Every structure is written in C-alpha cells, then in structure tokens.
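Chemist: Each chain is listed here by its residues.
Protein chains: 2
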Amino acid sequence: MWQETVLVNENIKFKYIENGSVTSVNGFKAAGIHCGLKKKRKDLALITSDTECNAGGTFTLNKVKAAPLLISQELLKNHNKFKAVLVNSGNANACTGQDGYEDALATQKYCANKLGVEANQVLISSTGVIGQRMNLASIINGIENIADSVTDDGGIDAAEAIMTTDLRNKNFAVKVNLSKGQVTIGAICKGSGMIMPNMATMLAFVTTDADIDKHTVQNLISTSVLDSFNKISVDGDTSTNDMVILMANGKSAITLVEGTNDYDIFQEALTDLCKKMSKSIAGDGEGATKLITVNVTNATSDEDANKVGKAICNSPLVKTAINGSDANWGRIISAAGYSGAEFDPAKVTIKFNDFTILSPNYKSDFCETEAKEILSNDEIEINIDLNAGTSDTTWWTCDFSEQYIQINASYRS
Amino acid sequence: MWQETVLVNENIKFKYIENGSVTSVNGFKAAGIHCGLKKKRKDLALITSDTECNAGGTFTLNKVKAAPLLISQELLKNHNKFKAVLVNSGNANACTGQDGYEDALATQKYCANKLGVEANQVLISSTGVIGQRMNLASIINGIENIADSVTDDGGIDAAEAIMTTDLRNKNFAVKVNLSKGQVTIGAICKGSGMIMPNMATMLAFVTTDADIDKHTVQNLISTSVLDSFNKISVDGDTSTNDMVILMANGKSAITLVEGTNDYDIFQEALTDLCKKMSKSIAGDGEGATKLITVNVTNATSDEDANKVGKAICNSPLVKTAINGSDANWGRIISAAGYSGAEFDPAKVTIKFNDFTILSPNYKSDFCETEAKEILSNDEIEINIDLNAGTSDTTWWTCDFSEQYIQINASYRS
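Protein sequences appear in the order of chains A and B. Going by the numbering used here, the first sequence opens with residue 21, and the numbers climb by one from there. Going by the numbering used here, the second sequence opens with residue 21, and the numbers climb by one from there.
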C-alpha cells in the first residue's frame, strides 16, 4: 500500500493513502465517542474544520425525511462557510414530528455554541432506528465531551462512530496530483441495510483541502454520486436519512475551476473515491459474504443498462444463488428480462469474471465445479452482454445470506 | 365447511366446496403422476375435458419467455376448442432455444396423439429450473401413463404434480348461484418463489362448466387477475413461465352474457377464487411463516395505492421485521415514502389488524407486548391509511425467513 509520506509520481493522477480518512486532509479534525444512544459502541462523531468550508451534498429521495436531513439540506441550499458536521448513530430521528425537529435544532445549536460558531455553520446527520425520540441528554452530554476531543487523526474513530450494522469501519483518503501541486480528499462512510440507489441508509462525509466555490462543490459531488452511490443496492430499500456531503476548506490554496484539466482530474479522483466507498458499503451489506459487481454491456441506452443492473442487484433469487455459489444463470437472465430493458434474450452472453456461463442462442456448456469455485470467492463479477446497443454500466451489490434475516428480524431489539 | 351435495341458499351468491379442484367441475378429468423429471415427487399433470372448451389466459410480462408459454400464448390467440392442459414441474423449459421449443412441440403433439385430439387443442405449461433441456423420454413415457389415468377426482393429484418448492398443494372450487341454475368453477395453482405482479413462477388452471364464448372467457379471467394475482409479491422476481388459464366447457348449458347480473355474479366468484389462490400462494411463499395482507387506503389514485402496496410487499426490511414479530413501523412508512406515491408522511395512520401503531403527526404510543402478540399470528394485516385521497387497494405477501435463503441458495441442486 502507498504511504502518505511517499511523493506522488508525476504520471500518476491520484493515489490512495493507507488507512486514510477525513482527517488525512489538512485543516480537518475529528473524533468518535460513545455518548449513550447505543449500549456500548461509539455513537457520536464530529468533524470540524479550522477554516470555513464550502459544501455541497446529495440527499435521500424518500418522501419521509429525517429531521437532521431536512435541516442540513436546507442549510446547504441557503448557507455557506461551514465549520463542522455532527453525526449520531443509534437513532435516525426520523418520523419524530415537530418534537424530533426541535431535538435536531437543539443539538445543532448546542454543538455550535460549544465550538464557538454560528448554528448554521454546523451540519447534522443521524442514522439508526426510525420513529423514536432521541435521548437528548445523552447527545448534549456527548457534544460536551466530543468538542474537546477532535484531533488530526480522529477520522477513524469518527468512521467507527457512524456505523450501525456495519461490520467494518469505512475510511479512505486519496492524494490528487494537479498542475499546481497536490490536494487531498478524505472520507468516511457507513452503509449496511436499506441500501438502494438515490441514497440509502448510507452516510458519507468527504473532506478536501482544494479551494472550490460553493456552486462547483455541488457539481463535483453530484456528478460523482451518479456513478457510485446511485449504483449500489443491498436490499432495494431507500432510507429516510441518507446523505453524502463534500466539504472544501481551500487550505491547499489550489483553486479548482470547471473546464480545466485539473478539474477533470479532481472529478475523476472523487468519483473513484465514491466508487471505493460504494463497493465497501455493498461488500459490507447486512449479512453479506460476497461483493458482487454487475457489469452490463451493450444495452440500447444508459437507461436500459441501468434497468438491467438494478434488477439483477435487487433480485433476491440472484443474490441467494450467489450466496450458495450456484451458477444459476437462469435467474440472472430472468431478472434482466423483467427489468423493462429492450433486448433479445437469445443474444445474451453471461460470464462470471472471465468464465462464460451462457453464450448466444442459450448455449450453456460449462464445468459446474469450476463455476462453483469462482463463485466461492469473496468478490464476483457478473458480466452480462445484452448485445443490443452500445451503452455500458456497472452496479454493485452483495449476496443474500441467512444472516441478513437474522440481523433484520431483530434490529430494533 | 360446505359440502358439494348441499344446495346453495338462494341468498348466497357463491360457496366453496371442501377440498374442491379442477375436477369438481362436471366434464373435467385430471391426474398427477411422477414421470422422472424430479427425483421422487409427482411432476406431470394432465387436465382433460370431455368436450371442447373455450379458453382465455394471462401470461408473464418477462421478456424471457419459456417455450411452452410461447406456444400456449399463441394457441389462445389463434385457436379454440381446447381439450387438455399438460403441465410438468421440475423443468421450466426456458432459455433452451430452438431445441427447447421443439421439445415443447413434441410433448404437445405426443399428448394430443395419445388423447386422439389435434395438437392445437392441447395447452402446455412448465415450471422448474431455467436453462436446462427437459428429459424428453421421461415426459413421453409419462404422457403414455397419465393419459389413461385421468379421473373425475384427479384434480388434487394434478395440484400436487405442479408444485415446485410449494409446501402445500393448492386446489379450490366454488359453486356459483345464477338465475338459471348453478355453475361450478374449479382451480389448481402453484407458487412459491419468483412471485411478483404481472405473473410470476405462478401457474393457475381454472375450469368451469359455464357456457362462455371465447372473447368473454378472456375478459373474465383478465379482469379477475387484476385484483388478485397481480397484487401478490413474494420476492419481487417475475418468472419466465407464468400463466393463468380459464377453460369453459359449457356443460351446464348456462350461458354467460356480458352486462347481465349473472355475468357480474360469476365475475365476482371468479375474482374471489383468484384472490383465494393468490393468498394461498403468498402464504406459502418460499420459507414463509406468515401471510401478510397490506390494505392501503385513501391514496390520491389507484396507481399511488398500488405503488405503496407493492413497495411494502417488496421490502425485505418490512418482511424480516414481521418475521421477527417486530412492530417496526418505521420500515413500513419508509417503504411507502420511497414508493413514489404522493402523500404527507405526517398524516399517515398504520395499524396491525385493528391495533394502532402510528397516528397522524407521528404519534406512536402502543404496548410492544401486545403488538408482538398480534405479529406472532400466522396471518397479519398491515393497514396503512395515507389520508391523501380516496383510492384503496389490497396486496398480499409473506414474511422473509432464513428458510427463504436456505431454499434459494440450493434450489438447483
């Protein structure tokens, strides 16, 4: 793995930092602590910036929106100069009505006071159970402690504190080589159930020291989300709380301007980072034992390619077959068949990695043992060529295991 | 339970026959045998009619269509005077190309010869694994045996022979009181995974002795399917093989004419029968431990009501919560929220049976123990009032259990 101290080769556009996070970026501090919303595990995260940040974000399309999400969405629309993001796990503060809304405002205000900034400089976010009031005393007490705990290397603690049923904390950072020097992008995120395009119970907080104006920050994150977070699905459920936020503090003094080569490189790195996060979320889906990448090629349109990718990623029958390492391609072509996309089933090719399972005219003649071996890996590619046009896409999901049921039949308790 | 011999009370429009089936209808015979497509269990069913039948049907919307389905769909479009339906389980004969198509034609032809009728008087249907050629010798040998085995009470054997992962055979019959006398409608069906609106791996064969012209038979079955089979979902997967067929042999000499009171009564009975079948399929979904009825009321349109019903029935998170008897209403309102329907979440009421879980303005104050008790029943109603309009609908699904994964991770083997 590449170390933060290693200089970036001029020919390399971007490189990941080992165990990087939001605090790998100059000027950002973070912490993650236990405040009492969960029994034992960390449940409160704070990311702060030494200087004011421009920020942009994308939010759930669910009609039911959590209180903190409504507040942060509104803030990003009408304000700027952000200094912090406060995130709790253990309680979603969704479907809690006016009371819940006021709880969210209270935590935001308390955090701002404690940090000595304006309330509208603090973004807030929650994840956890829907429909229960938060224990305000725990959070207030937690803010009291966490505000003094943020450090230059607290990003991993923060990543841990935003987890719900995630098994692994998810944190990344990437150094980007631009013409005028190097900038860094850092991130933490969480997934696990209710993962479905157009946001899910999925939170991602991204930091950078690039100097980017507010309008451009929004464009950059919106573009990167399209080919990453919007193409993962764990269970087809879209949550009430999901958000992706990008904060730029400008500390590098390297300004990004749309239409320049530097801008394109930064966008590429940001999208790559978002894809890395998306894959980490899909691969750590509730009960997941395998990460499944679905490459759809030669669809008649982008829309059709996405319909097929989404249908395959959402099919419990495909996902259970992969769980059982069963090369049941009939379920894959059937999912494509009901996706609504236009194609001739007799022209389809399906491969697991490079291993052909189905050729045109329904020719299927493969070694079951070899197929089973491929499907026993932790990462599997389903490559489906529709042979109908020129549009391609990639989606990600995980297999469906008995553990998914166990986790979700008892989540609240 | 009501016995076949009991006269129907004049005030009662229709009544079910205990353990009725397709052969409860005068003039129909059936049988179900083991021919060797499955290891041990029955896998070949034949329903025959003494006289020629008018028939209508509905078929899967999956772009990938099984060979026998293509043949039967075409037959129903262009022919009439049907004498038999031959159905095998254990092999879907889907994605088998031209070879599979010829296999299907061969079985149809062999069956017709054996019965002494024209090939285009025999409808055919298959269910089972996709993408494998059928063992033609087994089926041909099976036809040789089954053609001589059909009896007046063989409907239940036939119901058994069309099962795949179904745990219970599904057979029903209903006596209908019309102004000129009584007619009977009988049926067998199977479900179990890949159950989703617009047909699924779901076969239903319905017989009646009413005298109905071809055009009217089609209208009757199409109408009844809309509020029954098109409103169940087990796993959101739509199969390649699904069909519902209604055959009318006219033996009662009671003619049904559209626009008459008798017609309406018959339609009502047929829809009720189709709902009974739908519920039996949902309640016997793969790994199901509970039948869930979702009543959506006061949506802004029928379309919106259906969006909400479908989203709730397809949500793995709702279905796992019910499996665990967990009154997690947050997942229900969240599913409604991402369904795409228009409504104000703050105005929603949710009940389990008559027990209120959520009132407007997110008021939720109920006894968890009592809720758990209700959710521990075999049959549960989720009643969601959107308070947004006047459209209502009812959908059916089952809970999602660890057994679903077990069954589907190893289905082919």
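Source of the hints: derived by calculation from the structure; they are not laboratory data. One or more hints might be untrue.
Since the list gives no way to pick out one identical chain from another, each pair is judged satisfied if it fits inside one copy or across any two copies.
Under the rule of at most 16 Å between Cα atoms (straight-line distance), these lysine to aspartate or glutamate pairs were calculated in the EDC-like manner [said to hold, decoys possible]:
| # | residue 1 | residue 2 |
| --- | --- | --- |
| 1 | 35 | 288 |
| 2 | 60 | 346 |
| 3 | 59 | 322 |
| 4 | 97 | 385 |
| 5 | 367 | 282 |
| 6 | 383 | 119 |
| 7 | 83 | 364 |
| 8 | 83 | 362 |
| 9 | 296 | 322 |
| 10 | 392 | 122 |
| 11 | 134 | 284 |
| 12 | 129 | 346 |
| 13 | 271 | 284 |
| 14 | 101 | 388 |
| 15 | 129 | 282 |
| 16 | 134 | 168 |
Note that this is a predicted model, so its numbers are computed, not measured.
Chemist: Could you run down the list of hints and mark each one as holding or not?
Modeler: Taking the hints in turn, this is what the structure says about them:
For the identical chains of this complex, residue 35 and residue 288 are intra-copy neighbours only, at 12 Å inside a copy versus 67 Å across copies, given an alpha-carbon limit of 16 Å. Proximity of residue 60 and residue 346 under a CA criterion of 16 Å is satisfied in neither setting, with 39 Å inside one chain copy and 22 Å between copies. When the C-alpha separation of residue 59 and residue 322 is checked against a cutoff of 16 Å, the pair qualifies neither within a copy, at 45 Å, nor between copies, at 44 Å. Taking the shortest Cα distances, residue 97 and residue 385 never come within 16 Å of each other, neither inside one copy (56 Å) nor across copies (35 Å).
In this homomeric assembly, residue 367 and residue 282 never come within 16 Å of each other (Cα to Cα): the closest approach is 42 Å inside a single copy and 49 Å across copies. In the homo-oligomer, the alpha carbons of residue 383 and residue 119 lie at most 16 Å apart only across protomers (11 Å), although the nearest pairing inside one protomer, at 61 Å, exceeds that limit. Within a single copy, residue 83 and residue 364 get their C-alpha atoms only as close as 36 Å, which misses the 16 Å cut-off; across copies the closest is 8 Å, which meets it. Proximity of residue 83 to residue 362 under the C-alpha cut-off of 16 Å is restricted to the inter-copy arrangement: shortest distance 8 Å between copies versus 30 Å within a copy.
In the homo-oligomer, the alpha carbons of residue 296 and residue 322 never lie at most 16 Å apart, since the shortest distance is 22 Å inside one protomer and 41 Å across protomers. With identical chains, the CA atoms of residue 392 and residue 122 are never at most 16 Å apart, being 54 Å at best within one copy and 31 Å at best between copies. For a Cα distance limit of 16 Å, the shortest separation of residue 134 from residue 284 qualifies neither inside one copy, at 39 Å, nor across copies, at 71 Å. Taking the shortest alpha-carbon separations for residue 129 and residue 346, neither the intra-copy value of 53 Å nor the inter-copy value of 35 Å comes in at or below 16 Å.
Taking identical chains as interchangeable, the C-alpha atoms of residue 271 and residue 284 are never at most 16 Å apart, the minima being 20 Å within one chain and 76 Å between chains. For the identical chains of this complex, residue 101 and residue 388 are neighbours neither inside a copy (58 Å) nor across copies (45 Å), given an alpha-carbon limit of 16 Å. Taking the shortest alpha-carbon separations for residue 129 and residue 282, neither the intra-copy value of 38 Å nor the inter-copy value of 69 Å comes in at or below 16 Å. Taking CA atoms no more than 16 Å apart as the test, residue 134 paired with residue 168 passes inside one copy only; the shortest distance there is 9 Å, against 87 Å between copies.
Taken one by one, the earlier hints fail for this structure at numbers 2, 3, 4, 5, 9, 10, 11, 12, 13, 14, 15, listed in ascending order.
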